[in-house]
Amino acid sequence: MLKIYYFGRLSDRAGRREESLALPVGVNSVSTLKNWLDTKHGLGGALQDKSVKTMINQSLIHKDIVLQGDEEIGFLPPVGGG
Amino acid sequence: MLEIMDTPFNPGERLNAFSEKCKDAGAIASFIGLVRGQKGEVSELRLESYPGVTEQGIEQAIEQAKKRWPLTTALVIHRIGSMGVGEPIVLVATASKHRRAAFESCDFLMDYLKTDAVFWKHQIGPDGAKWIEPREQDYQDKNRWS
Chain A
1 MLKIYYFGRL
11 SDRAGRREES
21 LALPVGVNSV
31 STLKNWLDTK
41 HGLGGALQDK
51 SVKTMINQSL
61 IHKDIVLQGD
71 EEIGFLPPVG
81 GG
Chain B
1001 MLEIMDTPFN
1011 PGERLNAFSE
1021 KCKDAGAIAS
1031 FIGLVRGQKG
1041 EVSELRLESY
1051 PGVTEQGIEQ
1061 AIEQAKKRWP
1071 LTTALVIHRI
1081 GSMGVGEPIV
1091 LVATASKHRR
1101 AAFESCDFLM
1111 DYLKTDAVFW
1121 KHQIGPDGAK
1131 WIEPREQDYQ
1141 DKNRWS
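So the protein sequences, as listed, match chains A and B.
Reminder that position 6 of the first sequence reads as 6 in the working numbering, one-by-one numbering, no gaps.
Every position in the second sequence, counted from 1, becomes a number in the working numbering once 1000 is added.
To be clear, the hints were calculated from the coordinates, so they are not data collected in a lab.
Just so it is clear, CB atoms sit at the ideal spot from N, CA and C, and this is done for glycine as well.
Possibly wrong hints are sitting among the right ones.
Interface residues of chain A toward chain B, partial, derived using beta-carbon atoms under 7 Å [claimed, not checked]:
no.: 1; residue: F7
no.: 2; residue: G8
no.: 3; residue: R9
no.: 4; residue: P24
no.: 5; residue: Q58
no.: 6; residue: P78
no.: 7; residue: V79
no.: 8; residue: G80
no.: 9; residue: G81
no.: 10; residue: G82
Below, in silico cross-link-like pairs of lysine-lysine (BS3-like), each with a Cα-Cα straight-line distance of 27 Å or less [what the hints assert, rightly or not]:
no.: 11; chain 1: B; residue 1: K1130; chain 2: A; residue 2: K53
no.: 12; chain 1: A; residue 1: K40; chain 2: B; residue 2: K1130
no.: 13; chain 1: A; residue 1: K3; chain 2: B; residue 2: K1130
no.: 14; chain 1: A; residue 1: K50; chain 2: B; residue 2: K1130
no.: 15; chain 1: A; residue 1: K50; chain 2: B; residue 2: K1142
no.: 16; chain 1: B; residue 1: K1142; chain 2: A; residue 2: K63
no.: 17; chain 1: A; residue 1: K50; chain 2: A; residue 2: K40
no.: 18; chain 1: B; residue 1: K1097; chain 2: B; residue 2: K1023
no.: 19; chain 1: A; residue 1: K53; chain 2: A; residue 2: K40
no.: 20; chain 1: B; residue 1: K1142; chain 2: A; residue 2: K53
Turn these sequences into a full structure, and let the hints steer you where they fit.
The following block contains the structure:
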C-alpha cells in the first residue's frame, strides 16, 4: 500500500492529512500519481505547484520516479517554523 | 541537543539547565520565539511537523553550525501542537568560548528554523484560520549564510 501524507495547506485542499491506497491502475510514477490524486480529490493542480516538494520514504526527490506501490509519500508545501 | 514537544515548556528553566551543562563555555546566546497576538488577529497557533524528517533536518542544521563555529554545544527546543498568544514556540541556545560565535550560530539556527525547518503553521483568529508561510525577508535572512 502507498501511504500518502498531505501537509499544511494541502491537507485542507485534500480534506485529509493522510490516506493509504493500493497503486491505482495506470499509475506507475510520482507524476501520474499526482495527476490521479488531483482528479480524485479535486485539488486544482495544487500538487503540481512548483512550491510543493515531494518526499518518497522521507527523502526529497528532484525528478519523477517509478513507484513500486509500498512507498511513503509526503507532499510538502513551503515549510517554516520559529 | 534537540527536543520537539507537543506540550508547553519553560524557556527560563531550560536555559538554566543548558547553562549548567556549559560551565566550560565563556558565552551563551539564546533566542526565544513567542506566539504574536497581532492586536487580536491571532488567538491560537497550531504547528505540525513531519515526524522523522523534521528532526533529521534540524539535527543537520545543528551539525552545520558546529562545523562553522567553535561551539561547545547547542540546544533547540521547538513546539508543535496548539499554542496560545504569548506562549514560547522555540528556544535556541548556543554556547562557545567567545560571544561572536555564540551570537552568530544562534542567528544561523533561527534563520534555518524560520525557512527550512519542516513545520507548518496554522494561525487561528476571529476571522478564521490561515496557513502562514515564510516571508521574503525570512528567505533573505537565511541567504546571508550561503
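- Task: Report the numbers of all earlier hints that the structure fails to satisfy, in ascending order.
- Result: Hint check: 4 fails alone, others pass.
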